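Colleague: Residue numbers (the UniProt record's numbering), protein chains in the order written: chain A, 1 to 315; chain B, 1 to 315; chain C, 1 to 315; chain D, 1 to 315.
Honestly, I wouldn't trust all of these hints.
If several chains are the same, the list does not tell them apart, and a pair holds so long as it fits within one copy or across any two.
[Claimed, not checked] Here are the simulated SDA-like cross-link-like pairs (lysine to any residue), alpha carbons at most 25 angstroms apart as the crow flies:
(1) Lys120 with Pro256
(2) Lys120 with Glu249
(3) Lys75 with Arg98
(4) Lys314 with Phe261
(5) Lys314 with Gly192
(6) Lys314 with Gln62
Everything labelled a hint here was simulated from the structure, so no lab data went into it. Bear in mind the structure is a predicted one, so any value in this text is a computation, not a measurement.
4 protein chains.
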Amino acid sequence: MGQIHGSNAANHPGLRLKYVVDPRQQAHAGLCSRHSAQAVELETALADPSVRGVLVCSSTDQHLTHALAAVDAGKTVFCEKPIDLDLDKVLAAQSRFRSASFQLGFNRRFDPHFLALKHKLEAGVIGPLESLHLINHDPEAPPAGFIPTSGGLFKDFTIHDLDLARWLLGEEPAQLYTSASCLVDPEIGRLGDVDTARTVIKTGSGRLCVISNTRRSGYGYDQRIEAFGPRGMLAAGNSQLNTVQSMTENGITSAPIQPGFADRYRDGYRAQIDHFAEVVHGRATPSVGYADGVAALILAEACAESVRRGSVVKL
Amino acid sequence: MGQIHGSNAANHPGLRLKYVVDPRQQAHAGLCSRHSAQAVELETALADPSVRGVLVCSSTDQHLTHALAAVDAGKTVFCEKPIDLDLDKVLAAQSRFRSASFQLGFNRRFDPHFLALKHKLEAGVIGPLESLHLINHDPEAPPAGFIPTSGGLFKDFTIHDLDLARWLLGEEPAQLYTSASCLVDPEIGRLGDVDTARTVIKTGSGRLCVISNTRRSGYGYDQRIEAFGPRGMLAAGNSQLNTVQSMTENGITSAPIQPGFADRYRDGYRAQIDHFAEVVHGRATPSVGYADGVAALILAEACAESVRRGSVVKL
Amino acid sequence: MGQIHGSNAANHPGLRLKYVVDPRQQAHAGLCSRHSAQAVELETALADPSVRGVLVCSSTDQHLTHALAAVDAGKTVFCEKPIDLDLDKVLAAQSRFRSASFQLGFNRRFDPHFLALKHKLEAGVIGPLESLHLINHDPEAPPAGFIPTSGGLFKDFTIHDLDLARWLLGEEPAQLYTSASCLVDPEIGRLGDVDTARTVIKTGSGRLCVISNTRRSGYGYDQRIEAFGPRGMLAAGNSQLNTVQSMTENGITSAPIQPGFADRYRDGYRAQIDHFAEVVHGRATPSVGYADGVAALILAEACAESVRRGSVVKL
Amino acid sequence: MGQIHGSNAANHPGLRLKYVVDPRQQAHAGLCSRHSAQAVELETALADPSVRGVLVCSSTDQHLTHALAAVDAGKTVFCEKPIDLDLDKVLAAQSRFRSASFQLGFNRRFDPHFLALKHKLEAGVIGPLESLHLINHDPEAPPAGFIPTSGGLFKDFTIHDLDLARWLLGEEPAQLYTSASCLVDPEIGRLGDVDTARTVIKTGSGRLCVISNTRRSGYGYDQRIEAFGPRGMLAAGNSQLNTVQSMTENGITSAPIQPGFADRYRDGYRAQIDHFAEVVHGRATPSVGYADGVAALILAEACAESVRRGSVVKL
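Only chain A is shown next, with the shape it has when bound in the complex:
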């Protein structure tokens, strides 16, 4: 993620990538040389008064430490999700961040397709939202080695959908139920995690939201939203790799959908940094902040609890 955000910042007309801080020297050499950035220790970067913003893209267990250091140094912070896997730690640190100086990396809110759907929803095309389907299927399961430090399916993966649900429902979940299985890789199950899940959320006013997750789709990175209201349905679909169709006596064949997050959310990652540039320059407050990270984390824990207990969790 450091590569993606670093490049987007470097290419942004209102930002300059001055430093790259990374213990793995090799990894960021290209980033530095391509954008004339300097590889330094964190202290050096934070001590430089010309540095106004920091992109925290370290490993999840370092997010909070690095974000705190940056904020304490007076910088505006962009932090990758999740803030941390430990809700207690996240809550304990919350008061140290001002909302104006912390942007959380829930990139899907910046995806132009999802934004177009949200604008139509807000424009009343289907009337007030009644129910929502979020489909988030990863193309391939991560290596089993990733599972133990991942936070599990819900904190690592579903958390995006939980944030999208909050963003689109316009109302906090009142209860949720998650049914989950290990169908993709038995090793994931042995490590105590699940790889296939369906979550049903209900808000206080009775709105319903289904989240569909799998760690391995077999057909690409399936990222869809369906929103239902009294006057109709809004759907954001997948893009295909190209527009070519072959028509033969066997049917019509077209290109696969986009295979992974880097391509699928390329524009969203860029728009996210565009927003951060506005935040750094004091022209906007973060549209997605620390409190959103807390809320999504609480929901992710509720999903895990629902699976563990086999029952509905009230929020």
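Since chain A is already given, all that's left is putting chains B, C and D on it; use the hints.
Modeller: Chains B, C and D in isolation, oriented as in the chain A frame:
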């Protein structure tokens, strides 16, 4: 439904519509005259030894009485769903039906689109089924007056999806959870029913199925299936009323989806009667029978119970 | 075609199929028995004063003889296209038909997809029509034995598009040019015909229309219209055999398009007979008549002449 | 175009944008500052031995002068199309360019959608190509003031399609016919040009190609290819601005197609410069060169001649 099934039978080369039994004389006059059928009392029709099959399309509370009378008279029976709203009555009568002489009206199993999906599933196109989404949204809520005798959303409407789920999953549900609301018409809520629901089913082996229901879509009769396996996804979508697209600077507009069941399942209703003709002539045993009706009814009751108790129901 | 039109007439609530006249006894036996019609000689049928309409579906070289006999007997005539392959004969007979009693079988004008496009065009969705693309590709070449009596590609096949062009352009062609080849079956070329052609029509006001024809598409019966105006484009596309999509890592596959005319134009054939019923009962005058057959035949001859001379033909 | 190509070159890892030569100082200031390039006179740039390649993006009447100057200075040249509007000048200069050092800016050959179609064609998905439709509709007519120096519709606009036709047909056109009108803007007609045209090309072996052009579509930048062979059809379609669909009782609405060349061909412009980088570094010979420019220009003149004479032009 009597009009639809009666016409399909009359137009079938291997069947002849001899009698129409209907207390509402006006309603079936056209059916009789169009197909040279005779309006008679039930006793007359059942006493005629040339009558080999009976289509039971009476009101739901009469299905079982009429089906039993027909079976006792030695006829082969096609019976509209549900068999009855009362599970005890349905179970009590079960032994009186031989599987060879009772076909239940779960028409969606005969829909060519859903059948094509099932064939691809069985052909292994996506590997073994892992999860399933069934979308069944009615275009408009029924009049509130229909609710009290309808059996409620689950026995009246979701029952189709519960049968589809059993048919496609190839395995019985082990537990289910339903989250439901009354968002469409408050009168439905006052009558003790719900109009918007999401059901999550889990089978013994961990397969997951989500059923999405609403009584009023605002955009037509949304009837879709999405099936997921290790190698991909199969989807059966909606048909639109025509193939015309308008492209302007405002975007691309095409025709609405089919508005209701009569058009959407026209081919399926016909194929269902084609199958009944084979059954009547002893060339096939019913592919969907009494036991399927029992199983779906049990699941429909479980949905209602889940909503009532707000918890997961083990099956 | 006799089977299709005969069945549609028999199933029409306002018509009854009384007689079938066919020298090939075997061919129409089913039609007679299914609809309780009688096989008789032409004279018998025409002498029956209760017969008000006649469907002429004989071989092309008999169309005119039969249509004249029927009209002379005071019947209203539906006649398959083309009226005849010989323009002189067609012109010579023209005065013997009153426009109220002759409907020509240009079925595409009754196709609901094409009609929906025409309605949108007339509603001004794209502004006044400027140009038009008609795609008419047959799935497979006819047997070479059919070619000598077919009238050639233009009178047999393109004639439908020439009629559609006139119907949609709302203005007569002023000149046309056809470029054609024999790419499908060399035997067709040896018989003096072509199997692949592109025709460009220009009207007096400068509207342009391209007609694309091939005798063998390899992918089904491709029947499309694209209409262009100052504010956009209207397109009528192909229907696929079902709505199922398979998504795998290799891409998205869906069903073939409809393979032939009987399925593709099923609704249009029915609507054509619906219109004939109105004509027979004096409630409508034929929307497509003898003069349209003359005009299309003149254009078909112009296409052939353009190919023969290798140049533009003024009309 | 200088902005697009200059930025793509500057962002290419194997190229560096050293100089910008532009009499209109304002226009290129941003390009220089963003990419640390220097604004100089042409002589300075060409005299610098470290400059290996030159992108000629001047006005059409300067292309040839600048390309010659660059080639004479030993540089490798990328030149925007057309080489010049005057075929005689183009032919006279041809011998001064070696094929290894001249790449012509027919960007559509580098579009990933069109390339994917070509690869499927070459892979034999539909068998040997028989016919081709090229749709190239500009969203809005250029200002009338542009017409006199544009070379007219065929040299300015259709020339892209003529190159695509040559590229895809794999065979030179043997004859062509163009039918054209002025339907968009009467001022274009008064200036002696046309704005709506259909061209039919025939190759020696009888392959047919239709090119559809209009200066104003009203619905965006319509850029499509349809290729037909014995076993089916390949089609490259338009992309829409986003994937959102609204479904209501009025139908299904989705986003407009891409509105203009900069977005539609963004990837193709980049790939074109990728190729130029390979050419500059001697790792590739230009896949599209001077001879292709000559051939397309001859065809464009033939289109104009066909319109002028109202007849077929042999090539």
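Colleague: Confirm or reject each hint.
Modeller: Evaluation of the provided hints:
no.: 1; hint: Lys120 with Pro256; result: between (27 angstroms within a copy, 15 angstroms between copies)
no.: 2; hint: Lys120 with Glu249; result: between (39 angstroms within a copy, 16 angstroms between copies)
no.: 3; hint: Lys75 with Arg98; result: within (11 angstroms within a copy, 57 angstroms between copies)
no.: 4; hint: Lys314 with Phe261; result: neither (32 angstroms within a copy, 38 angstroms between copies)
no.: 5; hint: Lys314 with Gly192; result: both (23 angstroms within a copy, 23 angstroms between copies)
no.: 6; hint: Lys314 with Gln62; result: neither (31 angstroms within a copy, 42 angstroms between copies)
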